[in-house]
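Novice: If you read the protein sequences in the order shown, they are chains A and B.
Just so we're aligned: 34 in my numbering is position 34 of the first sequence, and the numbers increase by one with no gaps anywhere.
Just so we're aligned: 84 in my numbering is position 84 of the second sequence, and the numbers increase by one with no gaps anywhere.
In short, the hints are calculated from the structure, not lab data.
Take these hints with a grain of salt, some might be off.
[Stated by the list, open to error] Partner residues aside, some chain B positions facing chain A, computed with beta carbon under 7 Å:
1. Gly-36
2. Tyr-55
3. Tyr-85
4. Ile-88
5. Glu-92
6. Val-95
7. Phe-108
8. Ala-122
9. Trp-125
10. Lys-126
11. Glu-129
12. Val-131
13. Ile-135
[Said to hold, decoys possible] With a Cα cut of at most 27 Å, we get these calculated DSS-like pairs of lysine-lysine:
14. Lys-2(A) / Lys-60(A)
15. Lys-51(A) / Lys-2(A)
16. Lys-140(B) / Lys-60(A)
17. Lys-140(B) / Lys-130(B)
18. Lys-140(B) / Lys-51(A)
[Stated by the list, open to error] Which bits of chain A does chain B cover? Going by a derived footprint, with three or more residues having C-beta under 8 Å, they are:
19. 29 to 41
20. 69 to 79
Quick caveat: nothing in here was measured; it's all calculated off a predicted structure.
From the three backbone atoms N, C-alpha and C, an ideal C-beta is built for every residue, glycine too.
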Amino acid sequence: MKLLYFAWVRERIGLAEEEIDPPAGVATIGELVAWLTQRGEGYAYAFENPKVIRAAIDRKHVRADASIAAAGEIAFFPPMTGG
Amino acid sequence: MTTTIRLQREPFDVGAEAALLSGGRTDIGAVVTFTGLCRADENGEPIAALTLEHYPDMAEAEIARHVEEARARWPLLGVTVIHRYGRIAPGEVIVLVVTASTHREAAFAAASFLMDYLKTRAPFWKQVEKVSGNIWVDPKAADDVAADRWSAPPPRREAAK
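Bound-form chain A, shown alone (with noise of 0.2 Å):
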């Protein structure tokens, strides 16, 4: 699956984006999280405080325990700022 990153979420982990396969155990943007956060130190601090990670599956909003199985593309990022 596809995984983009914005704002400082990007700016921490240094990609935009990337093509992952995560490990069959990891089922929900939670455990996503989690398991990307042991993927270096630039993932590590972007998701350091994991309640303020807002996530998006193939563009739209979605929770932490939302399923991650039928995902084409997934967006983490800082709560938003616009208007």
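Since chain A is already given, all that's left is putting chain B on it; use the hints.
Specialist: Just chain B now, kept in the frame of chain A:
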């Protein structure tokens, strides 16, 4: 209903966009426009500019979804939402919301609703350029409170033709 949603880097003419929405029509009795501008300070510190990052596909879909939601809540005759991204200098327009209806109540409420949602749910992120460096703007609790007031399920109206 006339709906215009645009995400763009370039500045635009607020007055012309508002006039377009009601031009040539005689059924519209109220047009409300909200214009969001870039200020020259953030938390009391001067800024040189702000840069808006966005998630293009999702931003457009989210705004469209909220325009549909506004249509379901109020008898609207037209909606325009234009949101800029990229570098924006103080004094320049960031966002424009125009709502049109037969009477003012619906136009005011829908414009307010759309702005509250743009602030908290549309995937845009502001970064400001200060002397001390570039800083991502923190979300404001007051914006969440403003958006939450719309979350009680409203009485639905029949979708306008």
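Novice: I'd like to know which numbered hints this structure contradicts. Please list them from smallest to largest.
Specialist: Going through the list in order, the structure violates hints 3, 4, 5, 7, 11, 12, 13, 19 and respects the others.
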